[in-house]
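Asks: Take a look at the letters that make up each chain.
There are 2 protein chains.
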Amino acid sequence: MYDLIILGGGPAGLAASVYAARKRINTLLLSQDIGGQVNWTTGVENYLGYQFIEGRDLIAKFQEQVDQFPITQKIGYKAVKVQKLKDGFEVTSESGDVYQSKALIVATGKRPRRLNIPGEVELTGRGVTYCAVCDGPIFTGQRVAVIGGGNSALEAALDMVKIAEWVEMVSLTPLTGDAVLIEKLQQAKNLTLSLEYQTERVLGTDLVEGLMIKNIKTGEFKKLDVTGIFIEIGLSPNADAVKDLLPLTNTGEIPISCGTETGVPGLFAAGDVTNVPEKQIVIAAGEGAKAALAAHRFLQRL
Amino acid sequence: MYDLIILGGGPAGLAASVYAARKRINTLLLSQDIGGQVNWTTGVENYLGYQFIEGRDLIAKFQEQVDQFPITQKIGYKAVKVQKLKDGFEVTSESGDVYQSKALIVATGKRPRRLNIPGEVELTGRGVTYCAVCDGPIFTGQRVAVIGGGNSALEAALDMVKIAEWVEMVSLTPLTGDAVLIEKLQQAKNLTLSLEYQTERVLGTDLVEGLMIKNIKTGEFKKLDVTGIFIEIGLSPNADAVKDLLPLTNTGEIPISCGTETGVPGLFAAGDVTNVPEKQIVIAAGEGAKAALAAHRFLQRL
Chain A
1 MYDLIILGGG PAGLAASVYA ARKRINTLLL SQDIGGQVNW TTGVENYLGY QFIEGRDLIA
61 KFQEQVDQFP ITQKIGYKAV KVQKLKDGFE VTSESGDVYQ SKALIVATGK RPRRLNIPGE
121 VELTGRGVTY CAVCDGPIFT GQRVAVIGGG NSALEAALDM VKIAEWVEMV SLTPLTGDAV
181 LIEKLQQAKN LTLSLEYQTE RVLGTDLVEG LMIKNIKTGE FKKLDVTGIF IEIGLSPNAD
241 AVKDLLPLTN TGEIPISCGT ETGVPGLFAA GDVTNVPEKQ IVIAAGEGAK AALAAHRFLQ
301 RL
Chain B
1 MYDLIILGGG PAGLAASVYA ARKRINTLLL SQDIGGQVNW TTGVENYLGY QFIEGRDLIA
61 KFQEQVDQFP ITQKIGYKAV KVQKLKDGFE VTSESGDVYQ SKALIVATGK RPRRLNIPGE
121 VELTGRGVTY CAVCDGPIFT GQRVAVIGGG NSALEAALDM VKIAEWVEMV SLTPLTGDAV
181 LIEKLQQAKN LTLSLEYQTE RVLGTDLVEG LMIKNIKTGE FKKLDVTGIF IEIGLSPNAD
241 AVKDLLPLTN TGEIPISCGT ETGVPGLFAA GDVTNVPEKQ IVIAAGEGAK AALAAHRFLQ
301 RL
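Here the protein sequences come in this chain order: A and B.
The letter at position 278 of the first sequence is residue 278 when you use my numbering, and the numbering goes up by one with no holes.
The letter at position 222 of the second sequence is residue 222 when you use my numbering, and the numbering goes up by one with no holes.
If you are wondering where the hints come from, they were derived from the structure by calculation, not from laboratory data.
Watch out, some of these pointers could steer you wrong.
Stated by the list, open to error - Residues on chain B that point at chain A, a partial pick, calculated with CB under 7 Å: (1) R24; (2) N46; (3) Q51; (4) P277; (5) Q280; (6) I283; (7) A285; (8) A289.
A virtual CB, placed ideally from N, CA and C, is assigned to each residue, including glycine.
Assemble the whole structure, with the sequences as input and the hints as a guide.
Replies: As structure tokens, this is what we get:
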């Protein structure tokens with residue numbers, strides 16, 4: 001039995017790992033990957049301490065900082081269930097591997113939200129993608145659509161105007177992202193903006209051949225002639241494994257106190273999987289540090 | 001009139017500056033210095049992204065990131081009063097300089113309570129430190145003193161018995177912290193407890209070479225042979241300027257919601273000056289980012 005299990009290897013889980021290791025807590029880090037959502041980011045300009053750094057380079061920095069400590073890491077581990085024991089917690093993976101600990105930090109982050117329109121699931125990986133950073137270059141010289149109006153959609157569109165022949169940006173609302181990104185986007189010469197349009201259907205059989213959208217005010221339909229569709233409409237929390245342990249918020253997040261407590265003694269949560277007000281790398285890192293220090297205090301009092 | 005004034009140039013204020021600037025908010029940064037408490041830290045090993053960095057180098061990184069943006073900075077500005085106007089706030093400095101803004105973020109941090117003994121100021125950063133969490137590992141295998149009898153001193157001593165060769169704990173009073181922490185401390189094999197001793201003088205010229213203490217009952221002097229001195233007699237929040245605007249906690253901190261709201265519309269607070277559960281650079285940076293995004297949302301709704 002470990003003193004502490006940290007579930008998740010994004011900025012929150014890695015910050016928690018550093019803080020737990022420095023407190024000499026006997027810690028196990030369980031995660032599907034290292035870096036979490038940072039893996040889908042091209043360049044990071046708002047992590048305090050780095051004026052500009054590629055997402056993968058920032059992850060490498062985080063990872064080398066964790067790797068200097070003797071904490072056990074099981075990467076490629078997909079937790080599906082967390083159960084409460086009398087004196088701790090038990091985590092079970094998809095493949096049935098079980099680990100136990102006295103305290104647990106859930107830092108499992110978020111996954112991209114789907115449009116839930118016909119054709120979307122069928123054509124995922126065949127033109128429909130949720131990661132402009134990962135898949136962008138595949139669509140070099142093609143016509144693509146970017147769906148969404150927030151920062152991640154703006155960043156995806158800014159990446160794609162450099163790569164694609166033409167970018168159709170589609171948002172249900174006016175653009176809500178950072179002014180600095182909106183200004184940059186307005187300079188693009190190969191972009192059409194369709195605001196207050198909803199997506200109706202992904203067209204195509206084997207591969208994406210287009211996207212049907214509809215003006216929410218006039219009801220007018222428009223067919224976008226694209227071969228790639230980048231869906232950037234937000235994220236869903238990865239909180240399924242703990243949903244029997246505590247009530248989630250109505251958006252499926254783990255509700256926490258300002259100190260990362262979940263209300264279940266010994267169970268803490270940090271970062272994007274929680275109802276913390278903003279989803280940012282530096283915020284998740286701060287929350288992960290809080291969670292490790294809270295877990296340390298809990299373990300000291302046992 | 002500015003849209004936003006950020007009071008304080010430590011990690012919280014600088015993170016807020018980066019986030020505000022990226023939102024193109026017309027921002028004024030007012031601070032006595034750049035870096036705040038990070039200036040008193042020897043080496044930083046727990047800021048996610050830097051395995052080891054000197055405090056001053058980390059501040060330089062933060063500063064260059066802020067300096068790339070066109071936000072106005074007045075450094076050397078000591079705010080003494082914040083007043084509520086009809087549509088915003090007015091800040092007045094010690095020297096009478098007045099600035100106004102629609103929204104305000106207070107990120108003025110804390111100052112350590114000092115022992116006020118000879119050698120203390122001269123050897124700060126040269127063996128004298130006010131942060132065991134930050135600087136503890138630097139003293140691996142050395143003999144150190146921990147000054148104080150409350151929870152932060154006990155936690156510092158508990159951390160240091162695992163790291164240092166020997167820990168000399170010195171308190172003016174009997175130990176006042178949590179029993180569970182005191183019990184744990186009593187199990188340590190490499191700790192001497194000097195209760196009812198007052199500190200007299202830090203010894204050393206370039207680096208700490210010892211600490212002179214005095215028994216307050218017998219008047220007997222004792223020289224402690226240590227190279228590190230952890231002063232953990234508490235921190236004072238720099239919240240005087242806003243004390244007429246809102247009720248402070250009983251330790252003088254600004255009480256905030258998890259989203260950095262103070263309850264006064266347009267007034268946000270972030271970092272160590274608030275009742276956020278832990279005082280750490282990465283946590284303060286995360287809180288500063290939250291505050292800027294909250295202020296942005298407030299300004300957008302005006």
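Asks: Look at each hint and say if it fits the structure.
Replies: A quick look at each hint next to the structure:
1. R24: holds (4 Å)
2. N46: Nearest chain A Cβ about 6 Å off; hint holds.
3. Q51: holds (5 Å)
4. P277: Hint holds; P277(B) Cβ to chain A Cβ min 4 Å, cut 7 Å.
5. Q280: holds (5 Å)
6. I283: Where the cut-off is 7 Å and the nearest Cβ of chain A is about 4 Å from I283(B), the hint holds.
7. A285: With a minimum Cβ separation of about 5 Å from chain A (threshold 7 Å), the hint on A285(B) holds.
8. A289: holds (5 Å)
Figure legend: structure checked against the earlier numbered hints; every hint is met.
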